[in-house]
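Protein chains in written order, with my numbering: chain F, 1 to 283; chain C, 1 to 283; chain S, 1 to 191; chain G, 1 to 191; chain V, 1 to 92; chain E, 1 to 92; chain P, 1 to 370; chain X, 1 to 370.
To be clear, the hints were calculated from the coordinates, so they are not data collected in a lab. Note that the structure is predicted; figures quoted are calculated from it, not measured. Where a beta carbon is used, it is the ideal one built from N, C-alpha and C, also for glycine. Please note that a few of the clues may not be correct.
The calculated label-pair distances, taken between Cβ atoms and stated as ranges, are [claimed, not checked]:
| hint | chain 1 | residue 1 | chain 2 | residue 2 | range |
| --- | --- | --- | --- | --- | --- |
| 1 | X | Ser262 | G | Ile28 | 30 to 36 Å |
| 2 | S | Gln96 | X | Asp195 | 53 to 59 Å |
| 3 | C | Arg27 | P | Asp180 | 45 to 51 Å |
| 4 | P | Gly216 | C | Glu237 | 30 to 36 Å |
| 5 | V | Ala46 | P | Lys204 | 53 to 59 Å |
| 6 | X | Asp252 | C | Arg27 | 53 to 59 Å |
| 7 | P | Glu317 | X | Glu261 | 56 to 62 Å |
| 8 | G | Ala174 | X | Ile175 | 57 to 63 Å |
| 9 | X | Trp186 | G | Ile28 | 52 to 58 Å |
| 10 | X | Ile175 | G | His181 | 45 to 51 Å |
| 11 | X | Glu261 | G | Gln142 | 38 to 44 Å |
| 12 | G | Ser141 | X | Ile175 | 55 to 61 Å |
Chain G stretches covered by chain X per the calculated footprint, using a threshold of three residues with CB under 8 Å from any CB of chain X [claimed, not checked]:
| hint | stretch |
| --- | --- |
| 13 | 26-35 |
| 14 | 38-48 |
| 15 | 67-78 |
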Amino acid sequence: MQAATTPRAGSALVPEHPLEDLIRSDRIPHIWCPGCGIGTAFAATLTAMKSSGIDLHKTCMVSGIGCSGRAAGYVKLDSFHTTHGRAIPFATGLKLGNPELNVVVFSGDGDLFAIGGNHFIHAARRNMDLTVICLNNLNYGMTGGQVAATTPHLARTTTTPSGNPDAPFNLPLLAWASGATYVARWTVLHTRELTESIQKAITKSGFSFIEVLGPCPINYGRRNREKALQTLKLYRERTIIRNHADPSDLDVDFTKQVILGEFVDKERPTCIENYDKTCRLPE
Amino acid sequence: MQAATTPRAGSALVPEHPLEDLIRSDRIPHIWCPGCGIGTAFAATLTAMKSSGIDLHKTCMVSGIGCSGRAAGYVKLDSFHTTHGRAIPFATGLKLGNPELNVVVFSGDGDLFAIGGNHFIHAARRNMDLTVICLNNLNYGMTGGQVAATTPHLARTTTTPSGNPDAPFNLPLLAWASGATYVARWTVLHTRELTESIQKAITKSGFSFIEVLGPCPINYGRRNREKALQTLKLYRERTIIRNHADPSDLDVDFTKQVILGEFVDKERPTCIENYDKTCRLPE
Amino acid sequence: MLEQITITGFGGQGVVLAGRILGQAAAIGDHRESTLVQSYGPESRGGACSAQVTIADDPIFFPYIQNPDILVCMSQSGYDKHYMTLKADGLLIVDQDLVKPVGGGEYFSVPCTRFAEELGNKMMANIIMVGFFTAITQTVSQAAARQTVAVSVPKGTEEKNLKAFDRGWEFAAATLKGRRHKAAGHIGVVA
Amino acid sequence: MLEQITITGFGGQGVVLAGRILGQAAAIGDHRESTLVQSYGPESRGGACSAQVTIADDPIFFPYIQNPDILVCMSQSGYDKHYMTLKADGLLIVDQDLVKPVGGGEYFSVPCTRFAEELGNKMMANIIMVGFFTAITQTVSQAAARQTVAVSVPKGTEEKNLKAFDRGWEFAAATLKGRRHKAAGHIGVVA
Amino acid sequence: MEFWRVPLDAQAIEISRGEVHVIEDRCKGCGYCIEFCPRGILAFSARFNKKGYHPPEVLQPKSCVNCHYCEIICPEFAIYSVDLSSLQPPGL
Amino acid sequence: MEFWRVPLDAQAIEISRGEVHVIEDRCKGCGYCIEFCPRGILAFSARFNKKGYHPPEVLQPKSCVNCHYCEIICPEFAIYSVDLSSLQPPGL
Amino acid sequence: MTGDEACAEGALAAGCRFFGGYPITPATEIAEHMAERLPQLGGTFIQMEDEIAAIASVLGAAWAGQKGMTATSGPGFSLMMENVGLAVCTETPCVIVNVQRAGPSTGLPTMGAQADMMQARWGSHGHYEIIALAPSSAQEIFYQTITAFNLSERYRTPVFIMTDEIIGHMSEKVIIPAADRIQTEWRPKPSGRKDRFLLYKPGKNGVAPMPAAGEGYNVHVTGLTHDERGYPEMSVDTQAQMMDRLCRKILDNRDDIIMTESHHLDDAEIVLVSYGISSRTSMAAMQQARAMGLKVGFLRLITVWPFAEAQISALAERVKGFVTVEMNLGQIHLEVMRAANGKVPCHLVGHPGGTIIAPDQVIATLKEAF
Amino acid sequence: MTGDEACAEGALAAGCRFFGGYPITPATEIAEHMAERLPQLGGTFIQMEDEIAAIASVLGAAWAGQKGMTATSGPGFSLMMENVGLAVCTETPCVIVNVQRAGPSTGLPTMGAQADMMQARWGSHGHYEIIALAPSSAQEIFYQTITAFNLSERYRTPVFIMTDEIIGHMSEKVIIPAADRIQTEWRPKPSGRKDRFLLYKPGKNGVAPMPAAGEGYNVHVTGLTHDERGYPEMSVDTQAQMMDRLCRKILDNRDDIIMTESHHLDDAEIVLVSYGISSRTSMAAMQQARAMGLKVGFLRLITVWPFAEAQISALAERVKGFVTVEMNLGQIHLEVMRAANGKVPCHLVGHPGGTIIAPDQVIATLKEAF
Ligand SMILES: Cc1ncc(C[n+]2csc(CCOP(=O)(O)OP(=O)(O)O)c2C)c(N)n1
Ligand SMILES: Cc1ncc(C[n+]2csc(CCOP(=O)(O)OP(=O)(O)O)c2C)c(N)n1
Ligand code: SF4
Ligand code: SF4
Ligand code: SF4
Ligand code: SF4
Ligand code: SF4
Ligand code: SF4
Ligand SMILES: [Mg+2]
Ligand SMILES: [Mg+2]
């Protein structure tokens, strides 16, 4: 069962997949479903890490629990799959324990904004030196598709069988209001912009947040009559890139239009800078 | 040891204190220190409850843990002193369990925004029918004056002995960004405005948030060279009332100027309205 | 009488649903006792997954199956993991395109995934398998199985799924006929 | 030798600090053993509060005091709660303005809160009490107590606090003198 | 330390006459009522209350305008003013 | 279902020639590479891979412009393109 | 019907009209079923932001007068522990379901275990008593959920249902009786003058009547040590009184609370002790052993906490030994040992988790040890 | 110096350079002292947003190569339990101090107890083993904190220091030895080829070497059941292997871990068993009893978990009885009973909390029972 058209990948004749050195290929195929957006966002993260020029030996990935939270398990770097919602405080300790490390948090919307919401806003407030990538698939994928704090109003999930009564968070707005110094949103279809954005976030100090919209065809998609390809079509047809848009305009409502772009990119002293300046008196 | 100038309060000759029927007078004097702002904010809350005309038999107060969290222990209504940070989810269950109840959450900045921050933003997102009053004294009073998520940058506390390295939250901004439909800020010196504001919040449905700045002379004040009266003077000299100010201008920095007022007062369906409409299908 | 059936495959193939249909058909349709235990991993799709269905005339204490009477494999990895557990005289049923049994034992096979793709939805492979299984093993009655399929699938897809069931049933009928036909000749890997 | 001292008052009067000064003066200054356990409520100010100081020549196992040798009361409620625990031949010391002992037992008193207000800071009442206590009881040496006051109070307030200590000490000296003076007369509530 | 004598909302209050009551043992001597009474008619008394604080006393009872500010700023439910007329029912 | 054939950033990519490689057993048949290849040169094969999916095959190998879009959109690390020149070192 | 669904149906039958939850494998299906069914019955389902909020909301709903429930698994159970303490201390009725999976930590989320049994007893700080039940089939989980609510209301205490992934996900026939054949209880209600009402003054059974918010009793409820009025009182005496009440209402009513099921204990020489899914293994093993001529009996713990120590102590006087069968490395086994008090040997057939224990393992231990 | 301060100083002496905390009475002073001292020593103090974040940050710092600590009391201890499980499962060294106060729930925040002892053993979900120490004076808390770090590093496991409000707030003389007189240990470090390194392949003592992030080992750390590589593996066998390693590294090294102190056990007829603050009561009571002519000995548990059951079982063969003295209503008492195994009577001098137990109470029990 070999590809008839090309020689075997990785053989002497053929170069490896360009990310082969950064993935734990002994664990591939990963657990993500066909058409799941996580893999693409994860690949973009690895590409950005590589192209950013940072020292990969000093680079870590931290995840919480969830389908997106499995990311840490596939990157061939020091990687930590923690508890549900706690990736950010774990990452905070990791970074404070050794400020030389580049710490990237990759996790899901449920993990980072439902159970983990408090850690997010506090890390943003402190301007903690982390890059946080949230794969937002509008629901809890891993547990079978329950409502999340990002699920659109009236969308169907297993715990909102007649539609979600509540309104979702506007994540970039929340990040900005909490003090994040870099905030962006892309979809997995906007892979190149996403990759550039992650690269920028990784090289920038302070708290960076990137929301990545990606399909969960199996749970969210199935219950809301969206096949994976249809979701990607929505990403193309109903999005518009508007850098520096007003954060309060960034609701995710695909019945209207969803704004993508780089919304915040500002400077303020980071948590570590502040600590060093304030608490480590020179005397 | 009687007041020589007036007959004994509560005696046949003299009317009682106007709030006597709403306080558990068998527990007075309360635990709050001399000059502590909590008592004044608490009294304003009781006055607002009375004057709002709501059915007091159907009115509850829920608090978390902290000096401010002791409020629930002094009101002669159904009152709940819960666990640290969990006043809002407890209140959520109380309200959903019996939507006829008026539920007022009265607690401290540490309780509501450090350990309890996640519940706050989620309740605001859902537009849960609660009135949340946060006594912000810029630190953890009850445990002896540690840094809070509201402590000004560089202020001294027992856990930031050389000054707080971090920046505080802008609470009204966070409330607005999370979806609160009524947001205001006052100081205990602005007792009348505060009382009116609370009254408005209680009678309005949905999630209302009122931040009340009040001194903690014993812990915050002592370490930052502010006696209680000095703090109240700051409240007068360094505040300005600007209703509908831009939420992002609302940082609390008494070295500059602090904006007070009613910032948000809008309508959107509440959690209970949404649930009834979406999940309780008429069929 | 006690029959123990293990069904294995990938998550997403509907292995558990197939097991549930069989168990429910036996319990509700045929008025017997049944238990179904499932085993699956963290993956929503593509992980190893199995359903263990016990059908009996008396109450069932121990719902796990160590050595099934019947093993149904819808993936190669499921087969690889489970074929050693099948009873010596047990019955093996596989997806014809996805599973290549080793050794020379007898077994039945149905190209249920291919059939499902032909019927327009790969997700119906399990229902085809249920139809095939029912005809081959007669562990549950056709009526009970068909009826349970109808109430177990999403509303609006009943007709399609019954068609899938019938497709499996018919293929089994043809297989059995072919096998009877060849019975005089060699017995080995068939259909 | 083992001396057990209980100091009670309101939170915020510095009762625990007073206890700590005595314990530390004994341990570091006078090279004896000491323990201090404290008891207080949730209030930062105004709640009932007590410090139990044990001073001994040998290691102290049990740090709690059931029946103190010396009871110091800086609040009426502290007195009310504790006076029954004082040993039969124990010594009672109170704040003269805030505590009115019952019954006719002998005791010493000092208006330490009033003195502290006169010295400009009510918060120094405890240090005045330490001075008074040291002179009256001689449980710790004056030098050790004075020295410990100096290192225990906030930087910049040493001088004021030493003045407070001395004020208490001197008032005790005067009291003792008065008492010796009256000793030939009736013995009872004095000073 | 000097504080201003006009509460933030003095102008909003109708002027009438009041009688101030102090529940002395509730007072914790914060001084807010004293400092913020628009008529400056309160002062610390020399007495200690049960808790060792000096509760306020009214220096010029006749000057109270019943503005209630002492009442609403007091964190202790320890001071309040009543409309003098309400104490003297018509006919007495 | 019809999808557009021009990736969002097609204009940004320099045109060269590429060779596409598929690691078939990694593929889960999502079809993204097929749908979003700007040259429309990929299609599902009829084969099942180990997991029961039909991996893509290249219909017109010569038309690949080495834009890498199939590579970066693939969630499975299953497809990638290499610059044809890099496979043929000068001199060979 | 799966065990999880049966649990949800049992709750509804018991009168539960509030569910505050947070998804977690393998308990999610309980929440999903409640989300579907509760609004149809005038109740309310809410998915909270985490398990801490979930249990806090259940306590709030209980004080609003509802019967409330939440369901979780190990990681969420750990997070709930602080507020379990609040429920115990404030004597708030509620039911908490733990569909156990293999741990520690995230462990094997989709695979069963019974390793949170001691956590159920001791997981919150401070000393307290608790009630925990362990069903062994989908049908039984239906009934035990009703019983859990009844005990919870009767004793004003949180009650745990300690089930596991296997039962939770197992499909079995479940017969749901007509509503009028189901006995449901409510917390004792106060009577008499509202202004003289004492929130924590015990009535019969040591349990105090409980009003709901809005009924005019002006209750004060606190997790601080409190007196009979419910007022916080920072004193050793009040602490002693409160602790005495909290513990005795459970311990003095053990006869009412502890349910067990006996199989062949009359002539048993060796007694299997087990609960939940492992009792199915034990039943099968007992039958096999009997068939082999071994005089094996089986004591099934339906109530796991409070522990049936009197019964085991009594058995210890006349049997030759105990074998505890459980999917952990020895938890209830420790209790059996303590209750047996050295009278007879106690063995463990334990398992680190991930799959049910095979009857063979029990037989092997029986053969080896006796 | 208070016990809390001595604890912080012990941590610093042990090489702790990270503290992630959240204030709570009566443990706050530890955080406050660390906030002051750590930046002076090049370390980092951070007050996190809650206790869950506090312990999570400590685990992160541990993987960055630091020795990390947090300190809390009952309510916070309950909240930390989920991540205690993560620490156990990922074999992350760290020290967690619980300055116990009276519970359940908020209880008596400013008053001591010893009622979280069983919670320390069983508070997180799943089955696991843990180490817990119980100091009885300010001086000892200084040394035990160092020992806690050493054990934590040696066995790659969280270690609890179970102290209480009384010791935490008690002022006593504490002698801090010169740094070179203090022995500190570090986690075993890997050697050999980095690309062949196996994160959970045990070395001597059953403990696997542990690299830090950034050292080039590309470790994967997960709370899921994992194999020797650290990779998640959802299988019963892997679960069994992992559990075996996690439990055995503690249980097989009990001799190294368990520390006790014996007083007059040689001729003792009755043995007091106690720990922490209650051992001071017990010492006083033993002296009083001896003075009265009673042959009373005293076994002080310095290590409470794993439990010194072998020692107690051995004593049970020759003494007349045990009396456990603890500030709860019987926790370690249960373990003593189990270890005594019915050989001799076991009595409890317990207390609901709020104040230390008086020696008289012990004497009274001794007189009554023996
Ligand atoms: C404390 C705790 N609660 C609940 C769970 C169950 N759980 C696992 S993943 C998950 C949600 C994941 O959602 P999200 O972060 O959006 O990730 P996705 O799977 O959608 O990528 C939940 C609730 C858990 N593991 N731990
Ligand atoms: C789980 C838990 N963690 C910590 C504490 C200790 N604690 C009690 S009150 C408090 C802070 C209170 O601060 P805030 O809410 O600002 O109230 P304030 O005392 O300032 O009014 C803390 C940390 C606790 N009771 N429970
Ligand atoms: S369940 Fe959804 S989020 Fe999880 S792997 Fe599948 S598609 Fe992706
Ligand atoms: S400690 Fe501060 S907040 Fe608490 S009562 Fe005293 S002044 Fe108020
Ligand atoms: S009511 Fe109070 S504040 Fe107003 S004038 Fe009278 S005494 Fe002054
Ligand atoms: S405001 Fe109240 S507490 Fe303050 S001094 Fe006046 S009466 Fe006393
Ligand atoms: S690189 Fe991929 S997407 Fe681009 S043209 Fe070639 S096959 Fe198509
Ligand atoms: S994008 Fe990847 S997984 Fe999807 S079809 Fe193409 S090669 Fe297969
Ligand atoms: Mg998600
Ligand atoms: Mg505060």
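Consistency of the hints with the structure:
1. X/Ser262 / G/Ile28: 30 to 36 Å: 32 Å, holds
2. S/Gln96 / X/Asp195: 53 to 59 Å: At 42 Å between Cβs, range violated.
3. C/Arg27 / P/Asp180: 45 to 51 Å: Cβ of C/Arg27 to Cβ of P/Asp180: about 47 Å, so the range 45 to 51 Å holds.
4. P/Gly216 / C/Glu237: 30 to 36 Å: 46 Å, violated
5. V/Ala46 / P/Lys204: 53 to 59 Å: Given a distance of about 57 Å, which is inside 53 to 59 Å, the answer is holds.
6. X/Asp252 / C/Arg27: 53 to 59 Å: 56 Å, holds
7. P/Glu317 / X/Glu261: 56 to 62 Å: 37 Å, violated
8. G/Ala174 / X/Ile175: 57 to 63 Å: Between G/Ala174 and X/Ile175, where Cβ atoms are some 40 Å apart, the hint is violated.
9. X/Trp186 / G/Ile28: 52 to 58 Å: 35 Å, violated
10. X/Ile175 / G/His181: 45 to 51 Å: Since X/Ile175 and G/His181 have Cβ atoms about 47 Å apart, the given range 45 to 51 Å holds.
11. X/Glu261 / G/Gln142: 38 to 44 Å: 39 Å, holds
12. G/Ser141 / X/Ile175: 55 to 61 Å: Given a distance of about 22 Å, which is not inside 55 to 61 Å, the answer is violated.
13. 26-35: holds (count 5)
14. 38-48: Per the Cβ count (5), the hint holds.
15. 67-78: Not satisfied, violated; 0 residues make the cut.
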